[in-house]
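Residue numbers (the UniProt record's numbering), protein chains in the order written: chain R, 1 to 368; chain E, 1 to 368; chain P, 1 to 368; chain G, 1 to 368.
There's no promise every hint is true.
Stated by the list, open to error - Straight-line distance between alpha carbons at most 25 Å, and here's what the computed DSS-like set of lysine-lysine pairs gives:
(1) R:LYS70 x R:LYS54
(2) R:LYS179 x R:LYS312
(3) G:LYS209 x R:LYS303
(4) E:LYS188 x E:LYS202
(5) P:LYS279 x E:LYS276
(6) G:LYS157 x R:LYS299
(7) R:LYS70 x R:LYS59
(8) E:LYS276 x P:LYS276
(9) R:LYS188 x R:LYS70
(10) E:LYS312 x R:LYS179
(11) P:LYS188 x G:LYS279
(12) E:LYS279 x P:LYS202
(13) R:LYS303 x R:LYS188
(14) P:LYS202 x P:LYS188
(15) G:LYS276 x R:LYS303
(16) E:LYS276 x G:LYS157
(17) P:LYS157 x P:LYS188
(18) G:LYS157 x R:LYS279
(19) P:LYS209 x P:LYS276
(20) G:LYS312 x P:LYS157
(21) E:LYS303 x R:LYS157
Said to hold, decoys possible - From chain G, some residues computed to sit far from chain P (all C-beta separations above 10 Å):
(22) GLN33
(23) THR51
(24) LYS59
(25) VAL133
(26) GLU189
(27) MET196
(28) ASP338
(29) SER362
Claimed, not checked - Partial chain E-side listing against chain P, Cβ under 8 Å, derived:
(30) LEU146
(31) GLY235
(32) LEU236
(33) ASP263
In case anyone wonders, no lab produced these hints; they're calculated from the structure.
Quantities reported herein were computed from a predicted structural model and do not represent experimental measurements.
Backbone N, C-alpha and C define an ideal beta-carbon position, used for all residues, glycine too.
Number of protein chains: 4
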Amino acid sequence: MASQSGDGAQKTVVLAYSGGLDTSCILVWLREQGYQVVAYLANIGQDEDFTAAKQKAEKLGAIKAAIDNKASFISHGATGKGNDQVRFELGVAALAPNIKTLAPWRMPSFYNRFQGRADLFAYAQQNGIPLPVTPKKPWSMDANLLHISYESGVLEKPSTVAPRDLYQMTSDPESAPDKPHLLTIHFKEGIPVRVMDHTEIKEITDPYKMLEHLNLVGGRHGVGRIDIVENRFVGLKSRGVYECPGGEILYQTHLDLETYTLDREVFHIKEELAVKLAKLAYNGFWFSPEGQYVFGCVKASQKDVTGTVHCKLYKGSVHILSRDAPVGLYNEQLVSMDVQGDYEPMDAEGFIKINGIRLRESHRTAHS
Amino acid sequence: MASQSGDGAQKTVVLAYSGGLDTSCILVWLREQGYQVVAYLANIGQDEDFTAAKQKAEKLGAIKAAIDNKASFISHGATGKGNDQVRFELGVAALAPNIKTLAPWRMPSFYNRFQGRADLFAYAQQNGIPLPVTPKKPWSMDANLLHISYESGVLEKPSTVAPRDLYQMTSDPESAPDKPHLLTIHFKEGIPVRVMDHTEIKEITDPYKMLEHLNLVGGRHGVGRIDIVENRFVGLKSRGVYECPGGEILYQTHLDLETYTLDREVFHIKEELAVKLAKLAYNGFWFSPEGQYVFGCVKASQKDVTGTVHCKLYKGSVHILSRDAPVGLYNEQLVSMDVQGDYEPMDAEGFIKINGIRLRESHRTAHS
Amino acid sequence: MASQSGDGAQKTVVLAYSGGLDTSCILVWLREQGYQVVAYLANIGQDEDFTAAKQKAEKLGAIKAAIDNKASFISHGATGKGNDQVRFELGVAALAPNIKTLAPWRMPSFYNRFQGRADLFAYAQQNGIPLPVTPKKPWSMDANLLHISYESGVLEKPSTVAPRDLYQMTSDPESAPDKPHLLTIHFKEGIPVRVMDHTEIKEITDPYKMLEHLNLVGGRHGVGRIDIVENRFVGLKSRGVYECPGGEILYQTHLDLETYTLDREVFHIKEELAVKLAKLAYNGFWFSPEGQYVFGCVKASQKDVTGTVHCKLYKGSVHILSRDAPVGLYNEQLVSMDVQGDYEPMDAEGFIKINGIRLRESHRTAHS
Amino acid sequence: MASQSGDGAQKTVVLAYSGGLDTSCILVWLREQGYQVVAYLANIGQDEDFTAAKQKAEKLGAIKAAIDNKASFISHGATGKGNDQVRFELGVAALAPNIKTLAPWRMPSFYNRFQGRADLFAYAQQNGIPLPVTPKKPWSMDANLLHISYESGVLEKPSTVAPRDLYQMTSDPESAPDKPHLLTIHFKEGIPVRVMDHTEIKEITDPYKMLEHLNLVGGRHGVGRIDIVENRFVGLKSRGVYECPGGEILYQTHLDLETYTLDREVFHIKEELAVKLAKLAYNGFWFSPEGQYVFGCVKASQKDVTGTVHCKLYKGSVHILSRDAPVGLYNEQLVSMDVQGDYEPMDAEGFIKINGIRLRESHRTAHS
């Protein structure tokens, strides 16, 4: 959904629009400042009425005109204390560095004018912005295909238990089904390529539908809730609650297949790189030189991560049951306690003794 | 429990004795080789009949005499393919490098004589070693206060689901109580110092009893089961099943308190060190110079990890509910979306722009 | 040297004062803005006429009054593109977070007024600031006991060779003495405690005088020059030329003693931590929680780094000649090719074979 | 050079042959044990009379027959305490795991028979092995195109200065030319592709000849000597002296170009990987899964390392003078102190303040 109004090429701004009160006010306010506004609402899997949002944006002055000139500004409704602003703007810096960002919640002319919710309401009424019909929840929320995150409001006190009615993507484990759900996930070179749902007797191979289905059944069984105090890139500690049912299932099964199929040392090196990649993504450096470099290295580690993992969803957990791989480093004969295989027990003697040399030497030094 | 027999000082061996068939045969076999044997059975929290084991060892020729001479040998019944032999012997190398190890399962004179279970049975009958009254389980098992591990036998096939009757320390989550269990764990400088059990209305502060109680209630709720293919230090991949209910509860709550109380960067550095320490411990290098060094560094990171974590045990999971700390880096006012606190939103602008410089430059280079 | 004028407690600013044109103009400009200025010139080993600088500062309106009230501001003459501003201000944030910083080169009211050197000259003449008698060098320079750094101006072009007359602390290796200089450095727990100068037949134990002497003789022999393109914390690449003669001698000799006295694995872990510490120091995070934490860990690694290193300075290099330690992990008998020592050659067989298991398995997989 | 004798397919052994006393005795001894021996002497750039070695091997019973059957054994003369045996045999494990290694210096039947040099001499005389005409140097030595390493004998005492007549590849810096040597090295994607020798007015592009030339001129100027106590993989500390003139020049110039052309964070990540790769290569894991994986990651980092570095060789050192690159991240305008470029000084304010938040918070906590 993209819309636009006005005529000054220099002053076209693409606004990341949600259809909510904040970005609606920002839309009108930007027009007030002389910008023509293109409202952009991306479908990233969130549960949203896209048509209603489109109509609302048009009503507020966007979308009416064809896009006949390039935008030189981009705008969003993220606050000045969060990670979203950073991710948003570092992405722009990496991909389209000539575009300037307008972040109203960091602009005194905006945040001094809208000091509280009452100011937004008044402004909305003056400008024909429909007021929200449901009362604002006492927390904020962000959703996409992979997860919902909740923060602020009542969650700001880390010693308070998150409210039961917060969660939208997952059941409370205590009210989840009493019968477990059985799944097999197939991976090819680290990528999930097939979900076998043994409970619903169903096979899915479309990537979007796989994640959607895992969200559905994982959510039903209360899988993937996290309550954590995280460390934002801007240096603040913040309490967040997350729901990520499908992601949790994929994470657990993928990790199991990695330990099964990857060489020990490759796995350890890959783990360090993956931790780096996670930090880079969290801090908004996905499109940075180092983000792309580390991503390439992690990807290169996955060429042997092919196989299946069998798991059970039950009352909030993913339980790994077993795994298999067409070709792999696991060598049943070699490890067997009943068969000697290709392994000389006496070799372990030398292995241990040589590994002990430094320790003996350290003992000698400490006692000399 | 320590016992001894014989008279040649040079030939005294301390045997790590379990009371089972293997180490009983080893005990007799070592005496046959001319060693006087001190059978040593440490109480590390495993479920064991120590009196029976003592009587059995005495019957087989150990313990009768007072310890009147130093041992120069140590012996164990660990196999030549596992991690235990390494941990055992690297510990000796670090702490008492003059003591030599006899590892019968790596000595051809032993393993060629005892090629199967039948040979052990025959030897036991010839030497008055009581035969096990229960049939051998089709897996091997190791237990201490912290955990039980299972491996080999039917578990050697990673595509086979572990048998239901394997587990001794934890209930099957599916038959665990329907009512969750509420706990608060108090930590002081990273160490658990108090367990408040809100369900049983009980407070425990003795370290041993805390872990015992967490094992009990964690086990009752099916917490702490892991099924994994691990990478042994000797280079083999091996499938292991673990039960670690109390440890799981302490791990999850401690981690939560760390993210809450530690500075972000200190936490990240400590995490890298902790991964190193875990590998060192797994591979038997706890008493090595690097093991002791890293342990000291990790310990130094814990001085601010003081506070409480509130959690819920339910059907196999530990759910973190909330946390609190007397003094801490969490600053509710600073992070609040409703209060500006000591935070200037405009500063984020410069922060992001400066962080974006490298990204802009990289874009420039890629497009020049 | 600390001086102060005026009376408004709220408006007292401590200025990091160098006595040069820039900070003299800043001094006057700050007074113009209504601040009372305390000029502070720290003696960190740079070559400076402290008395002249004091008189100059007094002449410009500082130092006259006793310090009878606390300063709430701090100011410096660092530019907005460099690392110095960051180190300065992160130090303040860590140690005295209530003090605010005034950085004129980042304040439009200052930098718009002083757009070039001509503006500073005019302002100086108007305000009785003595003009520099020597023409400005076409580069900037920063000095302390440990080093001199040069950057900007003609150095900004990395393809240009640095001018021969740039260097103030070191001779050109080509005109350095033809006779080498012999030194022995004694370390105790990682700290240099004695310098034996065999060429000048001199022994020094005072820390300050040791470094001063190593700078002198190292500089004479052209030791410690570096020409590098570095990566500033603010994201810029910048060409810098450094002289660090005493530091280079201490670095090389200390490193040699570390590899000699430290356990291999402790050394590797310490190296990773030292790289982290260097980055933290470079970026201004010395007084941060992580800076202090890592410093403590690095320090803990040094308890066995005691001994002496013998080296030769010659035409720009430090050559390590030999080393000794009272007690150490080096075991001449163990490593000797002529003596078997406490080492069983056959143990290496098992060590290698076990280390080769993963490699054999990888070969098997790749060819199956 | 490959030679062979005998007829039993099962018993063919390829011996890594140097032509010296040790491997000549091993050759004869292996034949005595019933093996047919193929003597293999690889040309890896060492200074060697290959024809003489071939004749000697033939005289001792190798090379006479055509290679008409596959070898199932490999043998070498490396000692049981060193790294060479490990590298040799891990290479075999990775590339040809079915081939078995015979390491006589680890076989009691060999090392008990040849307990000293006198035993080797006697055996040589009995078996027509020519005795060395020059007395054995009191150290051992290993050479290839890249370096010469020296160890053992008089070097085993780390407090003894290495003898002046040890070095074969480099001049003593004190007797090196008084006139420096000027070079420019061209790199393409991290690989040296051209050496411009400005002193000899010469251009070289052939890889082998480039390294040969850099060894020659670097050696002439005394570049690349290292005297170090290293940590062998088998756990021993060992003193080694190295000469690596061409490698030192390439290392220094390549590093300079990397800091110039690589993004800061990519460089740091690559550095960590390069340290890993160096350890893996040193310990013999080049052909391991992790060796190949890390090598691929390091290689991927080099795509932008294209440009030239200008340097000076003088009296033992490589001095970097300047560098240039066709396209690069270095932005003269951006970093210039005289031009604002695309950089807003005020942004640094926010950058520093946000970076200081954690430090302020830490101060608050420590003082609460």
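Does the structure break any of the earlier hints, and which numbers would those be?
Of the numbered hints, 3, 6, 9, 11, 12, 16, 17, 18, 19, 28, 29, 30 do not hold.
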